[in-house]
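**Q** Chain by chain, the residues run as shown.
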Amino acid sequence: MKLLTLLIMFPLVVSLIIMLVPRRYEGDVKFVAFVAAVIELILSLRLWYGIPEKGYAFVEQVAWVPAYGINYYLGVDGVSILLIILTTFLTTIAILASFKSIFLYEKEYYIAFLVLESAIIGSFSALNLVLFYIFWEMMLIPMVLIIGVWGSGNRIYAAVKFFLFTLVGSLLMLLALIYLGKLSLAQLGRVSFDLDDLLRLGIPVGVGKWLFAAFALAFAIKVPMFPVHTWLPDAHTEAPTAGSIILAGVLLKVGAYGFFRYGVPVYPDAAGALRWTFLILGLIAISYGAMLALVQKDLKRLIAYSSVSHMGFVVVGLFSSNQQAVDGAVMQMINHGLSTGALFLLVGMIYDRRHTRLIKDFGGLAAAIPLYSAAFVIVGLSSIGLPGLNGFIGEVLVVLGAFREHYLAGVFTAIGALLAASYMLWAIKRVFFGPITHDENRNLRDMSVREWVCVIPLIVLIVYLGLFPGRVLKIMKPATKHYLELAEFERTNWMAEHLKGIRFPAEESPHEHGGEGE
Amino acid sequence: MEDAMLRLILLFPLAGFLFNAFLGKRAGERVVSWVGPASIFFSFATGVYFMSQLAGLGEHGYIRDVIFTWIASGEVSIPFSIVFDHLSGWMVLVVTGVGFLIHVYSIGYMHGDKGYYRYFAYLNLFVFMMLVLVLGSNLLLMFLGWEGVGLCSYLLIGFWFTEEERARAGMKAFIVNRIGDLGFILGIATLLWGSAVVSHPTVEFSQLQAVVPRLPEWVVLAATLLLFVGATGKSAQIPLYVWLPDAMAGPTPVSALIHAATMVTAGVYMVARMNFAYSAAPLAMDVVAGVGVATAFFAATMGLVATDIKKVLAYSTVSQLGYMFVGVGVGAYAGGMFHLTTHAFFKALLFLGAGSVIHGMSGEQDIRKMGGLKDKMPWTYRVFLIEGLALAGIPPFAGFFSKDEILFKAFASGHKLIWAVGIAAAFMTAFYTFRLIFLVFYNTPRYDESVHPHESPPVMIIPMAILAVLSFIGGFVLGFPHHSLIEAFMEGVFRHGVEIHGASGLEMGLMFLSTIVAVAGWAVAYRMYVVDTTLPEKIAQRFKAAYALLFNRYWVDEIYDTLFVKTYLGISDGIMRYIVDDVIIEGFLNTAARTSLGTGRQLRKLQTGDVQAYGFAMLAGVLLVLAYIVWRWAT
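Residue numbers (numbering that gives the first Met the number 0), protein chains in the order written: chain A, 0 to 517; chain B, 0 to 634.
Where hints are given, some of them may not hold.
To be verified - Calculated lysine-lysine pairs in the BS3-like style (CA-CA distance at most 30 Å, straight line): (1) B:Lys113 / A:Lys359; (2) A:Lys208 / A:Lys480; (3) A:Lys296 / B:Lys415.
Bear in mind the hints are in silico, worked out from the structure with no lab data behind them.
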């Protein structure tokens, strides 16, 4: 069996096995799920050694419903490989993090996670639009169940809201998809949904705009972009810890990935025409998310709004016309997955102990549980883009790239970093510093071994990627470069524009400089 | 010259940090007391070694160590590389030298603290980050150090985090600095893309030097001003100085090292490092000098009436940093670095002296409750006096030479107004310095009988004595007029500075004037705080409004709080509560949902089991549309 198919099928097979486990052994299911997730993680690491210099690697192409151009067509480039590894990595941690918090319908719970993992990997590797759509929809059901069944308080409301938002988007996408099939029949003489064929289509601009809008709405809801983000705070707040980790860590990235793989490349004209609209929506999201994060009373809601802000960077990057911004966007996707995943994980731990997430119920925790506090502060600092930690790399590349587009875009992205410091440090101060204000917090247990096992890999990556992002940037480079070629954005360079017509003194330094690094 | 050993300067403090952070708690206070200072000492020794290497390389010589490629994206490539030249090398010695002494002092000061290992871990990390800032070969790496020292400052100000006020002060420092850093990062972007237009995108100092002359002036002006915004944050200048007085909430040795000697001078260092760019943008230079002298004056006025021993020193630091910016702003880069160096000696010592007083007074910081400590703490008094003389600008102590160098250069380069304001601030400096000394060490004690002042242990006194010697001789050894060692040393780096020749008569006259001003400051303070101690009260009564204005620090904190903090919070809260999320967006979507279903029910009520109905209706609708499309397609 080929690797990508194996990666998609393995979690499904394991969930079938789990399904067969009798109820009385239900308590042991988590170990099966965890071992499966670890195996899946190890398998996915094999991808690391097959990163293509150009095009796609690990390609599989099997005709499925050839009459309708639906093929089982898989393949990955640098970006999808990074995102798949992020998925398997976070799923492993999410499952381990659930050990002590889920006691109800355990079988179903772990099945939901494994099916979700399979669907996400499928979305990241599908190169046929219908196949992508199938995986896209396949992600929805387990996530709705995770929120609706194992969530807290207002979970049904959150699950329904999540479901409706996503469904509206994806159904519109389905309509646009069918129209694309029709176009391909007209232009190529056969129905095809393979990405290569779609990229060859000449889509009339008038129709293209509507088709792009339909795709974009589906992706934008998933990202989520302002102003269709309102499902996110509810979904995050009510989802169980592991659900939030996966939701923030990878599910949102599928939306951004949709733009990256399909939305922009298939409709370069429409995307080009609407580019500044999206860029500005991204800029709004950065400040808007940060401002709302500031006034949240619930820690999970705060992190949810900070996600809106952080994903704004991704959108700005993807709709900029230079390599730095796009690299920054992909970097930001990975970093946000790690940092926000870790933040939700940590909030989950304190929730397990205190059964509250309200900031006012804490205060002075650093004195009671110093190790936990240290972990939270490190992750929080990475989330606000402190240089030396991972968050900075993506943010600074997006800031520099956006500045290259237009100085105002640079200013507004950079402001995001400032606002982030205000909401995160204020929250940290109220939760961890000052005197202990609630007696319940006095005798809290610090991190357990299992919790450390969850957190340490995340922190290691947070530090490692902040200092040595070189490998990851190199891996994504062919893919991001290819994206920019496909996107056909009009290259804007504000500085060059404004220095036009100025005569520069001749080049003084004779030595040639290789700007591309070694 | 390339030398891979250079990175040792960074690795020692880093190793110290890692050891103290991860093993320090288990290793115990004794081990940490060795590891912490030793790691800085080795770094200092390495610095001395490379200084000797540098001597053989000529005035433009440098030693470089390219460690790895940090960020590479498209045509942009940012290496993690460090450069040891006459400017950064000098700074390394100041940072590690003063840093080492303060580490030693901390052994005594922090003895028995529960967070002992944590303290040394942070302090080691600080030195590491400061060295990255100083040695980094490009602006982005400097920014890494720049925010890194900010982080350590945040952690150390809030070191005793269980107290609300301290934690708040740390947060304030970080956020105010981030405002400055916003400018810094945009300055980096301006230079990066500006250089991309004329050659290739770069923020390496060595390459910018070639690029900047070829850029139009407005680009250079914009970049230098934006970078200076960063400097006003880090170096506590108007309008972002407000965090520094609050930062005194940290342990006193931290105030000495971070908030007096090293970190806060990073802005001055940055301007000196980027001297080629600032010299190419005269307007930016004027802004730097103008902001500097305004801050020097403004902060000194607040120092006149402060009653907390550390706050007096904090305002004094802000004020002295202002002088340094005057120096680099009028093109006297070496003069700015000279004052930076002497200030590092005497201000660090003043803080250590203050720490010794606070330590001896069991935590008391209010100078109104001190007095007469001269006999109880003789060594502390002596070093404090030397430092005071240095700060006040009395010859031949260090501060006199360096401050005078700056004022003379300002005058000689035609900035007469700046010189005049600087002299006025110098008078106030002398006054508040001696006011502090008289109130703390002279007259009869004003503290409770329960307090028993005692001298500090040798581990605290010896580092102070070394710094005292340095601030006594540092002035005339390093920067004797016309034979300035420091100026000669950095000549290769500062090719664009002002050059003033043959005005020694004028210089002598100005020096004489400064001396008179300083002595006058002493005399007034002596009259008010030793001879007739009822005078201050009378004056305060007489000029009530002015006194209130100064005592309340011009209400700047309150104004900022209302203008920015409360407004920002209010807007955010308003959006949250009334406008977008709940009303407009939700309302719109809910209405859309309602109308599409044709039911009048709220989305919220869907929990009751209407989910299926909802989903079904939607599905049915979509199926209909689908069917229509398929039908159209098929026919």
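**Q** Indicate, hint by hint, whether the structure satisfies it.
**A** Hints, verified against the model:
At most 30 Å may separate the alpha-carbon atoms for a hinted pair to count; B:Lys113 and A:Lys359 meet this at roughly 27 Å. Simply put, A:Lys208 and A:Lys480 have alpha-carbon atoms about 24 Å apart, close enough for the 30 Å limit, and the pair holds. Among the hinted pairs, A:Lys296 with B:Lys415 is inconsistent with the structure: their alpha-carbon atoms are about 55 Å apart, more than 30 Å.
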